[in-house]
Amino acid sequence: MNLFRPFQNPSPIASPAAFSALYERNRLPVFRYIYGLTGGPQDDVEDLTAETFMRAWKARQHFDGEADAATGWLIRIARRLVIDDYRRRKARPVGKPDEAGSAAATPEQNALDSEQQQRLLALLAELTDEQREMLVLRYWLGWRVSAVAAQLGMTENNVSVTIHRTLARLRQSWTQSQEN
Amino acid sequence: MSPNAIPNEEQIEALLSEVRLEPGAKLERRLRSAPWTPQAAARRRGVAVLSIALLALALLMAGTPLGRAWAEQFFHFFPTATSNSFPLSTQEMEMAAVPGQSVQPIFDVKIAPVSPWASRNLIGGQAMITPVPLAGCDDPILAYQFACQAANAEALAGFQAKHLPGDTNDWFFKGAWGIQETQEIWFSYQAVSFLGTHANLTISQGVGDFPAEDKWSAVPESAIKSVHVGDYPAEYVQGGFVVFSGTTAAVWSSDDLSQRLRWKEGQRWFEIDEENAYWLKPGVADLVALAKSMTYERGAYQQRVNPNDMTSFKDAETVTGFDLLEPGLLPEDFHLANLRYDAKAQELRAQYLFKGALYLPHAGGLVVTETPLGAVSPDRLPEAHLLDATGRSPLGDGIGIYMLAPSKEPWTMDDSFTVWKPDVPQLIWKQGGLLVEMYYYAVPDYGGRLNESDMLTIAKSFK
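Chains as they are written, first to last, in the numbering used here: chain A, 1 to 180; chain B, 1001 to 1463.
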């Protein structure tokens, strides 16, 4: 059993120039993904985004996929960081929007175009982590269902059905929140 | 759509797609000098290695008449560079090409009783601390306290040192070294971000002139900023010589994440060198403030326990407030390298590394976390219960120890580098009101392998 991965072909993102291009391409998706999973606040999301790329940089020699696959790799790093961060800060559960942010408009709230988007963000926090991650990948990052399925290790049909049910649940939650 | 209207699924999809959250300026600021920028990347790969070796060379030169004469010909506190770049020698290029990691052969480790001495001051297998005849300093815990470290350094260097009056809000004392040959004393401080990133602050001082240094430590005259430390003239520089990837010359970069402050007080020279504290963003005013606060008053030193870098379980128990478990056995030549406490999670993390390892926080090795059962989050307890149900090799005295299945991920990451892990030996058990988790991550430059039997042997030795 080898505990160390043998060095193979050079990583396509090993050079500073290649990694810099990777950062430019993926800065926004990684930020949105982390935001979607954690619910903010923006400062923490930016810290985690920065840390994602710092860790990716340190691990770049071990990435041996095609450059196009690096986004999924970054998302896995981000996911792990979010989990680690959650364990560090159990006082603020993953997926719950920053409650302090409800009193005054935060930068991210200002970025939301409508009251409905803000309500939608609050309802996302009530979903399971898996449901929320799926919606974030599909709609915030604009991934195809096949890519979401590959990332999460699920079948395309399973992803489609789950997304459909999650949207229905969101609508139901919306109705209930309106009635209350 | 009216704000009060209830959207259907298609409209919810549209709303989701229209969310356009953008990162702010903070992200850009944090990553402006990120390692993949040319200057930082080059420094990371090559200059760190070169600096250590060349610093040793410079210190050696300082002890020679030639070196002193060389230093004296400069007007500035910093040696001035005649150019913003210089070519690398063949030897320097070879040194810059030294890989950061190496693949080592795998071998089965032996299990041995724990040595009381921590490894944190053992670098490259050479002891950086020599016990001195100061009362109590032969105690493994007291030896790392400021008083003993400073006394040891002063005994070696032969003069009384000036130092910070105590740990600051950001900087925690880490160690002191005296260099007999060049009559220098170094005080090392460390800051840790909430994400675990480390930064270093070194306060060095000596008698006479600044040590003669090489071209790597030289500074273009235009980069030198004149300031004052109290009544004393001082000089401040931000930046350093770096090597861009694929080039054969070193060039000056003012964007480099390092800064230095130099001044003289009579026949005594001082330097404060800060590196990598990007989240604190200290500037010239902060370094000058630190310099002005320095004192010769030893008794007044206020040392705080750094919860991110504790050296003893005694300190850890004071910080955590609960009784901790310590192993009686470890892999042979392994020592306690670091104790960290996450107050929010109430999790104590102990890291053990082999003697001679560079001290790399979170870099792997044997990692043990201890958390009071009452504070274990629900997302971890069900996992433990599930494992309980597997019935894997429970030990005596009601202690359940279970080997986890191999990791589904072929690799994992820690703060410093990625390690390959077809499977990571991992045990979870309950003991003394604690949930204890023990992992073993293989680390480069070691290559030892722990099997399930080894893990169980170590686990049984906890008390």
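Don't read these hints as lab results, they were simulated from the structure. A hint or two may mislead.
Claimed, not checked - Pairs of lysine-lysine, DSS-like flavour, derived with a Cα cap of 30 Å:
1) A:K58 with B:K1463
2) B:K1463 with B:K1344
3) B:K1215 with A:K58
4) B:K1162 with B:K1281
5) B:K1225 with A:K58
6) B:K1225 with B:K1292
7) B:K1225 with B:K1264
8) B:K1281 with B:K1292
9) B:K1460 with B:K1110
10) A:K58 with B:K1344
11) B:K1281 with B:K1026
12) B:K1430 with B:K1463
Stated by the list, open to error - Computed list of chain B residues with no C-beta within reach of chain A, every gap over 12 Å:
13) P1007
14) E1013
15) A1025
16) R1030
17) A1034
18) F1172
19) I1224
20) E1235
21) S1254
22) Q1259
23) Y1278
Heads up, the beta-carbon is just placed ideally off N, CA and C, and yes, glycines get one too.
Taking the hints in turn, this is what the structure says about them:
| no. | hint | result |
| --- | --- | --- |
| 1 | A:K58 with B:K1463 | violated (36 Å) |
| 2 | B:K1463 with B:K1344 | holds (25 Å) |
| 3 | B:K1215 with A:K58 | holds (29 Å) |
| 4 | B:K1162 with B:K1281 | holds (25 Å) |
| 5 | B:K1225 with A:K58 | violated (34 Å) |
| 6 | B:K1225 with B:K1292 | holds (17 Å) |
| 7 | B:K1225 with B:K1264 | holds (15 Å) |
| 8 | B:K1281 with B:K1292 | holds (19 Å) |
| 9 | B:K1460 with B:K1110 | holds (15 Å) |
| 10 | A:K58 with B:K1344 | holds (27 Å) |
| 11 | B:K1281 with B:K1026 | holds (12 Å) |
| 12 | B:K1430 with B:K1463 | holds (12 Å) |
| 13 | P1007 | violated (7 Å) |
| 14 | E1013 | violated (6 Å) |
| 15 | A1025 | violated (9 Å) |
| 16 | R1030 | violated (4 Å) |
| 17 | A1034 | violated (7 Å) |
| 18 | F1172 | holds (19 Å) |
| 19 | I1224 | holds (28 Å) |
| 20 | E1235 | holds (31 Å) |
| 21 | S1254 | holds (18 Å) |
| 22 | Q1259 | holds (20 Å) |
| 23 | Y1278 | violated (9 Å) |
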